[in-house]
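Q: Listed below, chain by chain, are the residues.
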Amino acid sequence: SQTIHQWPATLVQPVGSPLSLECTVEGTSNPNLYWYRQAAGRGLQLLFYSVGIGQISSEVPQNLSASRPQDRQFILSSKKLLLSDSGFYLCACPGQGGSYEQYFGPGTRLTVT
Amino acid sequence: GIQVEQSPPDLILQEGANSTLRCNFSDSVNNLQWFHQNPWGQLINLFYIPSGTKQNGRLSATTVATERYSLLYISSSQTTDSGVYFCAVRAGGGNKLTFGTGTQLKVEL
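Each protein sequence line maps, in turn, to chains L and C. So that you can map any letter, position 36 of the first sequence is 36 in our numbering, and since no number is skipped, the others follow by simple counting. So that you can map any letter, position 24 of the second sequence is 24 in our numbering, and since no number is skipped, the others follow by simple counting.
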């Protein structure tokens with residue numbers, strides 16, 4: 001089965017600083033990958049998804065960007081963080097064998113001060 | 001886009017009690033999942049249930065796709081069941097899961 005790793009687990013960054021969050025997946029190849037954000041402890045919102053290397057789709061306009069440099073690596077970035085970027089960021093991918101069931105990584109808790 | 005509503009928003013139970021959580025959605029779906037978010041934020045997959053009924057231990061779920069709702073049953077609740085329960089759906093040919101706002105469950109001794 002697939003395993004999703006996220007790094008770092010927690011992060012405190014000042015407004016205006018850059019951001020790089022990493023998601024890596026094991027146990028599967030060429031997966032669809034997703035970045036979600038959870039604000040205020042309720043409801044997740046899809047930010048980006050990728051169907052392959054270099055292919056990124058954005059769901060909502062925002063201060064963030066995503067990249068997929070390798071098959072099983074998904075990066076979430078920002079050049080200059082805003083206070084509103086604070087939240088819990090989760091990476092997800094589908095189960096194996098063409099399943100539509102999505103599985104989530106442990107998340108990164110970002111606080112912008 | 002599709003709307004997903006969960007009820008109740010908050011629920012407090014005594015240990016050993018049973019409960020039913022509801023998820024209503026506004027359009028046809030081809031994927032419905034229930035998750036439990038633990039105190040550390042980890043989303044734990046409970047059920048993948050676009051239709052029908054499934055059971056896993058003290059938990060069971062039923063989705064009636066034609067009537068656009070799903071129910072999650074928790075029996076003999078335990079303190080470890082505390083947390084937020086989310087319903088999420090995938091509609092049409094899109095890639096994303098649309099989440100409900102969750103039910104915050106607290107189980108007390």
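I should point out that these hints are in silico values taken from the structure, not numbers from a laboratory. Heads up, some of the hints might be wrong.
[What the hints assert, rightly or not] Not everything, but these chain L residues come out facing chain C in the computed CB check (under 10 Å):
no.	residue
1	W7
2	Y34
3	L44
4	Q45
5	L46
6	Y49
7	G52
8	G54
9	L90
10	G95
11	Q96
12	E101
13	Q102
14	F104
Beta carbons: idealized from backbone N, C-alpha and C, even for Gly.
Q: Given a cut of 10 Å on the nearest C-beta pair, is the interface hint for L90 of chain L held or broken against chain C?
A: holds, 7 Å
Q: Quick one, is the L44 of chain L hint okay against chain C at 10 Å, beta carbons?
A: This hint holds: L44 of chain L lies near chain C, its Cβ roughly 5 Å from the closest one there, short of 10 Å.
Q: Could you check if Y49 of chain L really has its C-beta closer than 10 Å to a C-beta on chain C?
A: holds, 5 Å
Q: Identify whether the interface hint at G52 of chain L stands, where standing means a beta carbon of chain C within less than 10 Å of its own.
A: violated, 13 Å
Q: With chain C as the partner, please determine if Q96 of chain L meets the hint condition of a C-beta pair closer than 10 Å.
A: violated, 13 Å
Q: Quick one, is the G54 of chain L hint okay against chain C at 10 Å, beta carbons?
A: violated, 17 Å
Q: Report holds or violated for the interface hint on F104 of chain L, using the least CB-CB distance to chain C and a cut-off of 10 Å.
A: Holds. Min distance 4 Å.
Q: Let me know if the C-beta of E101 of chain L comes in closer than 10 Å to any C-beta of chain C, holds or violated.
A: holds, 4 Å
Q: Do the numbers back the hint for Y34 of chain L, that is, is its least Cβ distance to chain C under 10 Å?
A: holds, 7 Å
Q: Can you verify the interface hint for Q102 of chain L: is its Cβ closer than 10 Å to any Cβ in chain C?
A: holds, 6 Å
Q: May I ask you to test the interface hint for G95 of chain L with respect to chain C, counting a Cβ-Cβ separation under 10 Å as satisfied?
A: holds, 8 Å
Q: Minimum Cβ distance from L46 of chain L to chain C below 10 Å?
A: holds, 4 Å
When each numbered hint is compared with the structure, violations occur for hints 1, 7, 8, 11.
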